[in-house]
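Q: Listed below are the residues making up each chain.
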Amino acid sequence: EDQVTQSPEALRLQEGESSSLNCSYTVSGLRGLFWYRQDPGKGPEFLFTLYSAGEEKEKERLKATLTKKESFLHITAPKPEDSATYLCAVQAGAGGTSYGKLTFGQGTILTVHP
Amino acid sequence: DSGVTQTPKHLITATGQRVTLRCSPRSGDLSVYWYQQSLDQGLQFLIQYYNGEERAKGNILERFSAQQFPDLHSELNLSSLELGDSALYFCASSPSRGRWTGELFFGEGSRLTVL
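Protein sequence lines, in the order shown, are assigned to chains L and C. Residue numbering for the first sequence follows my numbering, beginning at 1 and increasing consecutively. Residue numbering for the second sequence follows my numbering, beginning at 1 and increasing consecutively.
Be careful, since some hints might not be right.
[What the hints assert, rightly or not] Here are a few chain L residues that sit away from chain C, every Cβ distance over 12 Å (derived from the structure):
hint: 1; residue: Gly29
hint: 2; residue: Gly54
hint: 3; residue: Glu70
[Stated by the list, open to error] Straight-line Cα separation of at most 30 Å, DSS-like style, residue types lysine-lysine; simulated pairs:
hint: 4; chain 1: L; residue 1: Lys42; chain 2: C; residue 2: Lys9
hint: 5; chain 1: L; residue 1: Lys42; chain 2: L; residue 2: Lys79
hint: 6; chain 1: L; residue 1: Lys69; chain 2: L; residue 2: Lys59
hint: 7; chain 1: L; residue 1: Lys69; chain 2: L; residue 2: Lys79
hint: 8; chain 1: L; residue 1: Lys101; chain 2: L; residue 2: Lys69
hint: 9; chain 1: L; residue 1: Lys68; chain 2: L; residue 2: Lys101
hint: 10; chain 1: L; residue 1: Lys42; chain 2: L; residue 2: Lys57
hint: 11; chain 1: L; residue 1: Lys59; chain 2: L; residue 2: Lys79
hint: 12; chain 1: L; residue 1: Lys69; chain 2: L; residue 2: Lys57
hint: 13; chain 1: C; residue 1: Lys9; chain 2: L; residue 2: Lys69
hint: 14; chain 1: L; residue 1: Lys63; chain 2: L; residue 2: Lys101
hint: 15; chain 1: C; residue 1: Lys9; chain 2: L; residue 2: Lys101
hint: 16; chain 1: L; residue 1: Lys68; chain 2: C; residue 2: Lys57
hint: 17; chain 1: L; residue 1: Lys101; chain 2: L; residue 2: Lys59
hint: 18; chain 1: L; residue 1: Lys68; chain 2: C; residue 2: Lys9
hint: 19; chain 1: L; residue 1: Lys79; chain 2: L; residue 2: Lys57
hint: 20; chain 1: C; residue 1: Lys57; chain 2: L; residue 2: Lys42
hint: 21; chain 1: L; residue 1: Lys42; chain 2: L; residue 2: Lys59
Calculated from the structure, these hints are not laboratory results. Backbone N, C-alpha and C fix where the C-beta goes; we use that ideal spot for every residue, glycine too.
Sequences and hints are given; from them, build the entire structure.
A: Okay, here's the thing in structure tokens:
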């Protein structure tokens with residue numbers, strides 16, 4: 001069974017204090033690893049897709065990296081508006097798997113104080 | 001605004017009742033996905049439809065069913081409701097052309113409270 005574990009559960013940072021979120025996964029045949037951001041009362045919003053170990057993606061203050069066992073979401077010089085829950089998800093590559101059948105982690109609640 | 005519309009936003013009902021949640025995907029998207037989000041289980045895949053046909057099933061209870069209509073909107077029917085069914089139910093859609101990127105466009109969800 002596919003499993004995704006995110007740590008820490010919650011992270012409090014001061015504005016400008018860089019840090020990283022971790023996503024460890026166990027999946028048979030990784031087709032893709034995805035990062036989403038979720039604001040309170042809203043649906044998740046797509047951030048990145050990583051397909052293979054060694055791949056990196058960047059967007060503003062966020063950078064996602066992938067190894068064979070885990071992914072990191074690095075946040076550089078965060079701002080209060082980066083406060084949200086960050087969700088990691090995987091898609092397995094088993095035959096017949098739906099492209100949209102994602103297995104999500106429990107998320108990391110990030111709070112950035114001014 | 002993701003372009004995915006869900007109604008109702010909030011719903012309060014009693015145990016044993018039946019409710020229907022509605023979703024309109026983004027214009028042009030043929031795939032619709034339903035996810036359930038609860039505090040203890042997180043975000044869990046329920047079911048996917050593609051152009052009216054069921055494409056994949058997750059851990060969806062037998063008391064739950066869904067369908068996608070010719071105009072591509074979808075409905076999730078929840079029956080014989082139990083307290084544990086209280087959750088946020090999200091609908092998402094995805095582009096039907098081009099390489100799969102893992103980008104799902106989520107609606108704002110329907111919050112179901114079962115009393």
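Q: Which numbered hints are broken by the structure, listed smallest first?
A: Hint check: 13, 18 fail, others pass.
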